[in-house]
Amino acid sequence: MKIDWAALGSVFGVSLAVTVALVGLFTLGIVGLSKQEQAREAQAAGGSAAALPARVGAYACFALCAGAVAYGISLIVA
Amino acid sequence: MEHITLLLGIVIVTALVFDFTNGFHDTANAMATTISTGALKPKTAVAMSAVLNLVGAFLSVEVAKTISGGIINEDGLKTEVIFAALVGAILWNLLTWLLGLPSSSSHALFGGLIGAAVMSMGWSSVNGGTVVTKVLLPAIAAPLVAGIAATLATRLTYKISSRTDEKATSKGYRAGQIASAGLVSLAHGTNDAQKTMGIITLALITGGVLNPGANPPMWVIVSAGVAIAMGTYLGGWRIIRTMGKGLTELAPPQGFAAQTSAATAILASSHIGFSLSTTQVCSGAVMGAGLGRKGGVVRWSTATRMFVAWGLTLPAAGLVGAGAELLTKQGTWGIATTAALLIGGSAVIWQLSRRQPVDHTNVTADEIGSAGADAEPAGVVTTAIAAVSPPPAGPVAAATEAIKDTAAGTAAAVDVRTTISPAPAASATAVADSARPATV
Chain L
1 MKIDWAALGS VFGVSLAVTV ALVGLFTLGI VGLSKQEQAR EAQAAGGSAA ALPARVGAYA
61 CFALCAGAVA YGISLIVA
Chain H
1 MEHITLLLGI VIVTALVFDF TNGFHDTANA MATTISTGAL KPKTAVAMSA VLNLVGAFLS
61 VEVAKTISGG IINEDGLKTE VIFAALVGAI LWNLLTWLLG LPSSSSHALF GGLIGAAVMS
121 MGWSSVNGGT VVTKVLLPAI AAPLVAGIAA TLATRLTYKI SSRTDEKATS KGYRAGQIAS
181 AGLVSLAHGT NDAQKTMGII TLALITGGVL NPGANPPMWV IVSAGVAIAM GTYLGGWRII
241 RTMGKGLTEL APPQGFAAQT SAATAILASS HIGFSLSTTQ VCSGAVMGAG LGRKGGVVRW
301 STATRMFVAW GLTLPAAGLV GAGAELLTKQ GTWGIATTAA LLIGGSAVIW QLSRRQPVDH
361 TNVTADEIGS AGADAEPAGV VTTAIAAVSP PPAGPVAAAT EAIKDTAAGT AAAVDVRTTI
421 SPAPAASATA VADSARPATV
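In the order they appear, the protein sequences are chains L and H. Heads up: the first sequence begins at 1 in UniProt numbering, then just goes up one per residue. Heads up: the second sequence begins at 1 in UniProt numbering, then just goes up one per residue.
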């Protein structure tokens, strides 16, 4: 009986790192989008807040997540 | 020759039935949290999962080369042993579904195989060390890996989004959760439908219909994919309920964290080569997400019952598999008796389930009946809900009727038609047709 601790360890490490990174990114994206909405409302009310950076940042986060999903699909197909 | 063909036919049908129970047993893995957080409506969720399972079955051409992954010695494995193993796995799957407990379908199959192989060839046919590394250790590791990842991810996401409006973000979380759930469904279709294809192909090779090393014929791929998709679409609502509501209450951020951790752990494990059970990964992720929220509670009584079921999966399916093999060894009448017992047992379990139906209408309800689906196992069986509610329209209702009227001899053929309803029945006919040219 040989337990493949290395494989188990890397499954653990990869799962942990990727999950936390993805969930973090996605949350940043969601927060960014809701900030952008807040900013737009503030602008409409006469204030000045930058909506663009939040929006770009949010889409960048989502793009990275979409990339991860695409990589996941490629792993399934392979 | 006649005998072999009949037995082969029974094995193929039984394998497809197992595939079907596998589908509805594991719908919960992908869709339980999606349904309980309201990201998708119950029917939409199972439909999406079914389609992705079907797609998944066609995605990869690398069909499982072994059934057991080295747990038992598959050289000279007799067709009837495979049949006995499948009987054990199906009955355990149905029993855990009746009790609403998520348990691993692959472990049930391993258990059935071990029991049947021991009865057929003795203890030497089982590779004890592989049982530990492929079944016992993963059962402990899977919930820990996915659970810890889900806990940390849940904490992180609550921290980052603490200053934003909950309503504005929950829509985003739900979208993300649907994507993760889709990945889980796709991976499930690829892995588990292929397991069934592997079994059927192996049986065909053992029966001399296919040459060793041959690829599965198209009808095997199609029927395995369709069986798992139909099972998924039927939905194991009892298990969905336990996973989505019984273990813990999930808010959208938790559901997203749980599903993402499950998808990642499943893909990482299958890619790196330390295979973890999908069911155990998902259950662990749900519990981890429950613990990750401040004030989140995991219902340990339900969780304990689930752990007990995991522990029992191997021995229980093994015992049934061994008993089935003892019968099938006796010859044709033994095989017929086993088939009849399988159908009878399934019918009894289905009847019991009607006493306290859980379906897409009440899957997320807080209480079901007086005792609720979370009641102790004895409660589910003994609780007398006087009015047996009308069964859902369609194939399942017809199924019980037909099962009652079925004579043992023709049992297996009818079984697939009743349990799986029209489409696979058609493919079962295709089985007979296309198997013949192959023998020439």
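Derived from the structure by calculation, the hints contain no laboratory data. Keep in mind that the hints are not guaranteed to be accurate.
[Stated by the list, open to error] Each computed EDC-like pair below joins lysine to aspartate or glutamate, with the alpha-carbon atoms no more than 20 Å apart:
#1 Lys167(H) - Glu41(L)
#2 Lys167(H) - Asp4(L)
#3 Lys329(H) - Asp165(H)
#4 Lys171(H) - Glu37(L)
Hint check results:
{"no.": "1", "hint": "Lys167(H) - Glu41(L)", "in the structure": "16 Å, holds"}
{"no.": "2", "hint": "Lys167(H) - Asp4(L)", "in the structure": "45 Å, violated"}
{"no.": "3", "hint": "Lys329(H) - Asp165(H)", "in the structure": "66 Å, violated"}
{"no.": "4", "hint": "Lys171(H) - Glu37(L)", "in the structure": "14 Å, holds"}
This entry does not satisfy hints 2 and 3, going by the numbered hints stated previously.
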